[in-house]
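First to last, the sequence lines map onto chains A and B.
FYI, in numbering that gives the first Met the number 0 the residues of the first sequence are 0 to 129.
FYI, in numbering that gives the first Met the number 0 the residues of the second sequence are 0 to 134.
Far from chain A, by Cβ distances over 10 angstroms, these chain B residues were calculated:
1. M0
2. K5
3. L6
4. K39
5. E110
Heads up, simulated DSBU-like pairs for lysine-lysine below, C-alpha to C-alpha not over 30 angstroms straight-line:
6. K3/A / K17/B
7. K101/A / K59/A
8. K78/B / K101/A
9. K3/A / K78/B
10. K59/A / K17/B
11. K117/B / K33/A
12. K117/B / K120/A
13. K67/B / K28/A
14. K7/B / K33/A
15. K120/A / K67/B
16. K33/A / K90/B
17. K117/B / K101/A
18. K7/B / K28/A
19. K96/B / K120/A
Keep in mind that the hints were calculated from the coordinates and are not lab data.
Just so you know, even glycine gets a beta-carbon here, dropped at the ideal spot from N, CA and C.
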Amino acid sequence: MSEKKMMKFSELKEGEILPPVSYEIPEEKIEEYKRLFDDSSRGLPPFVCCLYAMKCLLEKYSIQPGTIHAFQEVELRKEIPLEERFFKSYGVVKEKFNKRGKNYVLFEITTEDLRGNIVHKIRFGFVVPE
Amino acid sequence: MKPGDKLKEIRFKITQEKINQFAEFSGDFNPIHVDEEFAKIVGLGGTIAHGAIGMAYIMKMLHTEFGKKFCGGSRFIIKFISPMRPDFELKTFGEVKEISGSSIYLSIGVEKIEDGAKLIVGEALIEMGAHSSDG
Numbered sequence: 000m001s002e003k004k005m006m007k008f009s010e011l012k013e014g015e016i017l018p019p020v021s022y023e024i025p026e027e028k029i030e031e032y033k034r035l036f037d038d039s040s041r042g043l044p045p046f047v048c049c050l051y052a053m054k055c056l057l058e059k060y061s062i063q064p065g066t067i068h069a070f071q072e073v074e075l076r077k078e079i080p081l082e083e084r085f086f087k088s089y090g091v092v093k094e095k096f097n098k099r100g101k102n103y104v105l106f107e108i109t110t111e112d113l114r115g116n117i118v119h120k121i122r123f124g125f126v127v128p129e
Numbered sequence: 000m001k002p003g004d005k006l007k008e009i010r011f012k013i014t015q016e017k018i019n020q021f022a023e024f025s026g027d028f029n030p031i032h033v034d035e036e037f038a039k040i041v042g043l044g045g046t047i048a049h050g051a052i053g054m055a056y057i058m059k060m061l062h063t064e065f066g067k068k069f070c071g072g073s074r075f076i077i078k079f080i081s082p083m084r085p086d087f088e089l090k091t092f093g094e095v096k097e098i099s100g101s102s103i104y105l106s107i108g109v110e111k112i113e114d115g116a117k118l119i120v121g122e123a124l125i126e127m128g129a130h131s132s133d134g
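Turn these sequences into a full structure, and let the hints steer you where they fit.
Below is the structure:
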């Protein structure tokens, strides 16, 4: 089992790949989300799917304490029936830069269903302490 | 739907309990969310909620309004411009800015109920003509 590294600004490289990770979203997690956000919608909640996509980042790195979520972009391409819960996510470090003394890192993650259809693409920026 | 139309807002309150529950749910135990002392040391003045909590409510608002069209053909971008702190009473907002063909452009975000201060701001595009299905 590989040991996870702490995500550090100085060590991340633009273009660095976040390798594909396959996973199942458990039904209990969907129920937990619905309770937390009082959401009675049908189908797999897109938020839960976006949250799970982070797995490909979190399999490789642990998030440094003090890291701040600065922005989020989401492109939803496919409605997901509730019974469909197996996905694959992979990503890339799109950009890193320093602005007003803060270290920004931008990631892009793509998620596919079992048939290879793109479910969503998410892009997000973190401010990383060091 | 026409420019100026507003989406049905969702009201919610941030509490430390809710933040802790979300940390359990997401596995994100970054101490800025759950450790008051750490959050003070790093200059945040106290714990702040995960930005994803606000994002979840925004997505719920868009999903409620647009249903399958939101899931199958939409894009949004949000910026977390100010922290959501415990005891803040908040609400989502969404307003149609422009309609072009089958595309609806909206401003979206989260603001404080008390004074309207915006904590999350962004834009969304819903493609009403699109509904993906992989058949």
